[in-house]
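Asks: Please construct the entire structure, taking both the sequences and the accompanying hints into account.
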Amino acid sequence: MDPADSASPGTDLKSFDDKQLVLAIRDGQEPAVSELYDRYSNMLVALSYRVLGDAADSEEVLQEVFLQVWNQASRYDPARSSVSTWLVLITRSRSIDRLRSRKVKERTATAAQKENPVTHESPVGVKHVFRQEQRKRLQEELAQLPPEQREVLEMAFYRGMTQSEIAGETGIPLGTVKTRTLLAMKKLRKALSDEIRELL
Amino acid sequence: MSQEFDPTKERDDAILDRLLERLSRSEDALERLLDELTDEDERRVCREYLETIGLLAYEVEPRPLAPEVKSRLMAKLESSQQEGPSEVEPATVASFPSSGQRTPGEEKGSRWHDWALPLAAGLVFALLGLSGWQYVQLEKQRQTIDRLADQLDQVHQQTTKLAEYQGRLDSVDSRLALVTSSGVEVCTLKPVADPAPADSRGVLFVASDRQHWYLKIEGLLPCPQGRSYQVWFINQEGVPVSGGTFDPKVGVRVELSSETMPAGTVAVSITLEPAGGSPEPSGPAVLYGDEAMRIL
Numbered sequence: 359m360d361p362a363d364s365a366s367p368g369t370d371l372k373s374f375d376d377k378q379l380v381l382a383i384r385d386g387q388e389p390a391v392s393e394l395y396d397r398y399s400n401m402l403v404a405l406s407y408r409v410l411g412d413a414a415d416s417e418e419v420l421q422e423v424f425l426q427v428w429n430q431a432s433r434y435d436p437a438r439s440s441v442s443t444w445l446v447l448i449t450r451s452r453s454i455d456r457l458r459s460r461k462v463k464e465r466t467a468t469a470a471q472k473e474n475p476v477t478h479e480s481p482v483g484v485k486h487v488f489r490q491e492q493r494k495r496l497q498e499e500l501a502q503l504p505p506e507q508r509e510v511l512e513m514a515f516y517r518g519m520t521q522s523e524i525a526g527e528t529g530i531p532l533g534t535v536k537t538r539t540l541l542a543m544k545k546l547r548k549a550l551s552d553e554i555r556e557l558l
Numbered sequence: 000m001s002q003e004f005d006p007t008k009e010r011d012d013a014i015l016d017r018l019l020e021r022l023s024r025s026e027d028a029l030e031r032l033l034d035e036l037t038d039e040d041e042r043r044v045c046r047e048y049l050e051t052i053g054l055l056a057y058e059v060e061p062r063p064l065a066p067e068v069k070s071r072l073m074a075k076l077e078s079s080q081q082e083g084p085s086e087v088e089p090a091t092v093a094s095f096p097s098s099g100q101r102t103p104g105e106e107k108g109s110r111w112h113d114w115a116l117p118l119a120a121g122l123v124f125a126l127l128g129l130s131g132w133q134y135v136q137l138e139k140q141r142q143t144i145d146r147l148a149d150q151l152d153q154v155h156q157q158t159t160k161l162a163e164y165q166g167r168l169d170s171v172d173s174r175l176a177l178v179t180s181s182g183v184e185v186c187t188l189k190p191v192a193d194p195a196p197a198d199s200r201g202v203l204f205v206a207s208d209r210q211h212w213y214l215k216i217e218g219l220l221p222c223p224q225g226r227s228y229q230v231w232f233i234n235q236e237g238v239p240v241s242g243g244t245f246d247p248k249v250g251v252r253v254e255l256s257s258e259t260m261p262a263g264t265v266a267v268s269i270t271l272e273p274a275g276g277s278p279e280p281s282g283p284a285v286l287y288g289d290e291a292m293r294i295l
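In order, the protein sequences belong to chains X and P.
Heads up: the first sequence begins at 359 in the working numbering, then just goes up one per residue.
Heads up: the second sequence begins at 0 in the working numbering, then just goes up one per residue.
If you are wondering where the hints come from, they were derived from the structure by calculation, not from laboratory data.
Don't take every hint at face value.
[To be verified] Okay, the calculated beta carbon distance ranges per label pair:
id: 1; chain 1: X; residue 1: ARG555; chain 2: P; residue 2: GLY276; range: 41 to 49 Å
id: 2; chain 1: P; residue 1: LEU126; chain 2: X; residue 2: GLU523; range: 34 to 42 Å
id: 3; chain 1: X; residue 1: LYS544; chain 2: P; residue 2: ASP149; range: 22 to 30 Å
[As the list claims (entries may be wrong)] Take a look, some chain X residues computed to stay more than 10 Å from chain P by CB distance:
id: 4; residue: SER373
id: 5; residue: ARG384
id: 6; residue: ALA437
id: 7; residue: THR534
id: 8; residue: GLU553
[To be verified] Which chain X residues face chain P? A few, computed with CB under 10 Å, are given here:
id: 9; residue: ARG408
id: 10; residue: ASP415
id: 11; residue: GLY526
id: 12; residue: THR528
id: 13; residue: MET543
In this text, a Cβ means the ideal position worked out from N, Cα and C, and glycines have one as well.
Replies: And the structure:
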């Protein structure tokens, strides 16, 4: 990131890319947080809700995430990840931290399953983040994974379980858990190569 | 038939394995793996998998949020911006009227300030001190957890490597058992056409059951674009049966093996075919062998 890219007061932040927004946040510009929030909050709160199964908790996590972004924007390194992945990783970590502290994994999983996502109205601003057709494509790619591969991937991603914990809970040998997760990730990396290239 | 050993694939798998091991830990631990990799290709692979993990979140349908959620956040940001400096700068406390500055009219009504304000200030500093101490302790614990997790990673990597070595050793063992078994036959494949360098060669070992076989090939050039080498087992009637395809890399030895071989095989041929192989030989033969010798 070039500091010269940073926003000056009055600049139209909507034309900024994500990295420029983070740079502006680092410079203490609150409107840049607002813009980043508009781009990602619906997706991030959905991710947190998928982990926690509780609307109030996931909104609190969202607040924590953006406060962390505000306070620690200087820690973002574009060489390590895209802004969207950085936000996803923070949201996921904070959600799983909260999940672990509550120790109500079974209840939340059930609650999350009861939720019918189709009933939600399409939120404003989502188009800035990920076009609907691309989301569908990702859902299709995930749907093409064999159920056993998808299961271990979801346990690792949404519940933050180690591979040993997954093996313990499912009764599957550890080696098999590792193989399934590896295969799933390799397939996704290949299938999503275009999207990944855009993020690099 | 076994696949050709591909060091790039193993490297990618090892990186992914390390990343997945850290998926249960903090976002920092995941991203720090990039810092631990020095090779540019390894960093690229790691970064691609990291972005793949980031993309997984898009599977979930977005949730609408009430405007109040954003308002609360922005209010918090504003207050944190205002409160931030005042927490560390004593100027705020000093700005309260001191007893020496008090006007006579204020004297009676503000006596409680004599003890309340210093007490409040003291409490604020005590709370700040306590928070600071707790933050330091928390950071220490996080560092300890991360250090232990790193050690666990290293142990796991070593275990994984040991398992890999064990796998390779088992493979070598089975091949050794084949080539040293009684009744094993050896057939040498020699270059027969231009695409094959003069020093290229192959050796086919066939077990006494005429089923298990192991073929080692050296010196072949990498395939041209859109082509691959194909192994053919030829029977007494001259009918070829495909034994699989391969694409050698420079400096990497090709080793193929299988537990089945067509009945009545009397010769082995390797031809250059379109990528993916042909139903029957169509390209030039590069290696050929038909003289089997029983060595044990």
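Asks: Please list, smallest to largest, the hint numbers that this structure does not respect.
Replies: 1, 6, 8, 10, 11 and 12
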